[in-house]
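Let the hints inform the model, and build the full structure from the sequences given.
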Amino acid sequence: MAEIEIKELTKFYGTKKALNSISFEVGQGEIFGYLGPNGAGKTTTINCIMDFIKPTRGQVLINNLDANEQSTALKLLIGYVSSDVNLYEHWTGKDHLNLQESIRGKSRILTRLLKDFQFDPSITVRKLSTGNKQKLAVIMALMHEPQFLILDEPTRGLDPLLQNVFYSYLREFAAKNSTIFFSSHNLAEVENVCDRVAIIKEGKIEAVESISKMKDKRMYLVTISYDGEFPKSKLRELKAVITAEYDHKIKIKVPGDVNKLLDVLATVKLNDLHIEQASLEEIFLEYYK
Amino acid sequence: MLKIILKTIKEKRNLLLILRSISILVLWLYTAITPSLESQQESINELLAAFPKEFLAAFNVESFNMTSFTGVIASKQYDIVWVIMAVALAISLASGNIAGEIEKGTMQILLALPLSRKQLYFSKYIGGIIVMAIFTVLSILPGIPLAQMYGIELDNNNFYYFTLNALGFAIFIFTFTFMFSAIVSESSRATMPALGLVLISYILNLIALLKEEFTNLRYFSIFHYYSPTDTLVNGNLELNSLLLFLGFACFFLIIGFVFFRKRDFRF
Numbered sequence: 253m254a255e256i257e258i259k260e261l262t263k264f265y266g267t268k269k270a271l272n273s274i275s276f277e278v279g280q281g282e283i284f285g286y287l288g289p290n291g292a293g294k295t296t297t298i299n300c301i302m303d304f305i306k307p308t309r310g311q312v313l314i315n316n317l318d319a320n321e322q323s324t325a326l327k328l329l330i331g332y333v334s335s336d337v338n339l340y341e342h343w344t345g346k347d348h349l350n351l352q353e354s355i356r357g358k359s360r361i362l363t364r365l366l367k368d369f370q371f372d373p374s375i376t377v378r379k380l381s382t383g384n385k386q387k388l389a390v391i392m393a394l395m396h397e398p399q400f401l402i403l404d405e406p407t408r409g410l411d412p413l414l415q416n417v418f419y420s421y422l423r424e425f426a427a428k429n430s431t432i433f434f435s436s437h438n439l440a441e442v443e444n445v446c447d448r449v450a451i452i453k454e455g456k457i458e459a460v461e462s463i464s465k466m467k468d469k470r471m472y473l474v475t476i477s478y479d480g481e482f483p484k485s486k487l488r489e490l491k492a493v494i495t496a497e498y499d500h501k502i503k504i505k506v507p508g509d510v511n512k513l514l515d516v517l518a519t520v521k522l523n524d525l526h527i528e529q530a531s532l533e534e535i536f537l538e539y540y541k
Numbered sequence: 045m046l047k048i049i050l051k052t053i054k055e056k057r058n059l060l061l062i063l064r065s066i067s068i069l070v071l072w073l074y075t076a077i078t079p080s081l082e083s084q085q086e087s088i089n090e091l092l093a094a095f096p097k098e099f100l101a102a103f104n105v106e107s108f109n110m111t112s113f114t115g116v117i118a119s120k121q122y123d124i125v126w127v128i129m130a131v132a133l134a135i136s137l138a139s140g141n142i143a144g145e146i147e148k149g150t151m152q153i154l155l156a157l158p159l160s161r162k163q164l165y166f167s168k169y170i171g172g173i174i175v176m177a178i179f180t181v182l183s184i185l186p187g188i189p190l191a192q193m194y195g196i197e198l199d200n201n202n203f204y205y206f207t208l209n210a211l212g213f214a215i216f217i218f219t220f221t222f223m224f225s226a227i228v229s230e231s232s233r234a235t236m237p238a239l240g241l242v243l244i245s246y247i248l249n250l251i252a253l254l255k256e257e258f259t260n261l262r263y264f265s266i267f268h269y270y271s272p273t274d275t276l277v278n279g280n281l282e283l284n285s286l287l288l289f290l291g292f293a294c295f296f297l298i299i300g301f302v303f304f305r306k307r308d309f310r311f
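Going line by line, the protein sequences match chains A and B. First residue of the first sequence: 253, per this note's numbering; consecutive thereafter. First residue of the second sequence: 45, per this note's numbering; consecutive thereafter.
Have a look at the derived ranges for each label pair, beta carbon to beta carbon:
| # | chain 1 | residue 1 | chain 2 | residue 2 | range |
| --- | --- | --- | --- | --- | --- |
| 1 | B | 247 | A | 381 | 49 to 55 Å |
| 2 | B | 233 | A | 357 | 36 to 42 Å |
| 3 | A | 524 | B | 158 | 51 to 57 Å |
| 4 | B | 230 | A | 357 | 31 to 37 Å |
| 5 | B | 295 | A | 378 | 37 to 43 Å |
| 6 | A | 375 | B | 236 | 33 to 39 Å |
| 7 | A | 308 | B | 295 | 27 to 33 Å |
Listing some non-contacts, in silico: residues in chain B with all C-beta distances to chain A over 10 Å:
| # | residue |
| --- | --- |
| 8 | 53 |
| 9 | 63 |
| 10 | 69 |
| 11 | 86 |
| 12 | 178 |
| 13 | 230 |
| 14 | 240 |
| 15 | 243 |
| 16 | 251 |
27 Å max Cα-Cα, derived DSSO-like pairs, lysine-lysine:
| # | chain 1 | residue 1 | chain 2 | residue 2 |
| --- | --- | --- | --- | --- |
| 17 | A | 456 | B | 306 |
| 18 | B | 255 | B | 97 |
| 19 | B | 54 | B | 162 |
| 20 | A | 358 | A | 346 |
| 21 | A | 346 | B | 148 |
| 22 | A | 465 | A | 503 |
| 23 | A | 358 | B | 54 |
| 24 | B | 162 | A | 306 |
| 25 | A | 259 | B | 306 |
| 26 | B | 148 | A | 268 |
| 27 | B | 47 | A | 385 |
| 28 | A | 428 | A | 465 |
Just so you know, these hints were derived from the structure itself, not from any lab. From the three backbone atoms N, C-alpha and C, an ideal C-beta is built for every residue, glycine too.
Have a look at this one:
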């Protein structure tokens, strides 16, 4: 059963169409990724879900409640992390947490969250690093074990260890039937955490796919420095594209499974090898032209 | 809702303390010099007789406000110093209350709480009004014990009437700025109309005082309805002025709410 339903959501900013009649559903207990390059409409969608902005047309239903008309009741069920964390600079972490508790009630897991995220709430926000501010925002969203988590690039500024702590909380919440809407432009992160993903580009939903299908659309940027001959003919079998070629150095773009490429490279005498995952923008250019 | 009201008050407590202290200190200064001014009433009257009447009227200089306690504080403290402080506090508080929070992005924290926009808007407004009321009361009523300290006789009711008149003025300026704060997304853009209103009002009032043919212009100036001399010196309650201030404040409050309820918050 759909817990979050986005129905033909449209938003104009003046004459600019930020969202163009987008529709999709998120099921109960699902971690749903929302992928798109910067300016695609991710934050606008989330702002509509949170009732920060009013849609020009269409509707957002959460738990069968209209996000626009019944937002007060809904926000009691929602934990939210913004893409740009803005906190009260002269307040301590504890002041922020107290504000949440004074309105939402006492948190049962706050002590555990503070320990797991290694966060000291006694420090004034202006003295906190970007990462620590992000920790506080994440703790504020999770502390009341919400039925819905609306997350707009929530791991920005968190170090890899704490990102893993955060992911484990998401999995724990999802196991308890919380529904998680997770916006990101980091494909690897979405692959790691989410069950399904919607891809938005220029305000339109390009695809809603399972993560296994998304994995087929991975792409690697490979720089190879070699001695002797390079078997370029085998690259065609991998559907790889040569993007640059110098003296005994080649740059290629390889879609799909990287293991097949490694089989080819095993036959070559390598001087140096650099493999990186293509950015979402590059994948968009390849698959969602 | 109470938490948001308290948050608003807490955020301005330092500014409130500073302005209140300055106001009391200046009030104390005028109280302390009043007995010596009273003893020189005759020579001050002779001095004033040498000036053109229009000039004295333009700067609200009359014999009683150079020599009596209530006259001195009405014309020096409450016609100038207090107005500047009240306007500064009202504008900074109201513009920062909504537009300032949108500008800094902290409004997101409040909007994500399970509070309706109505609760949020009115909590912030009530918090602001409480700050303005604390400032007004604590910067005017200490005049009563100070006067007693220096053995100056006065009618306490005049101070209460003036407090009401001044509170009406402060609420008017606060609510006018608050309305713009609810509409725009930058505190400077909420500040400008309020500063413009104060400046235009001042100029209209001045023209009305200087030129007899333009005397009716004074009705378009908020300073015509804020009258420390009429209340503190003459003991008039000025109920019409109070009702006018509060009536317009209600109008601004409703207009601001209509926009706040429907508006987009882009972060």
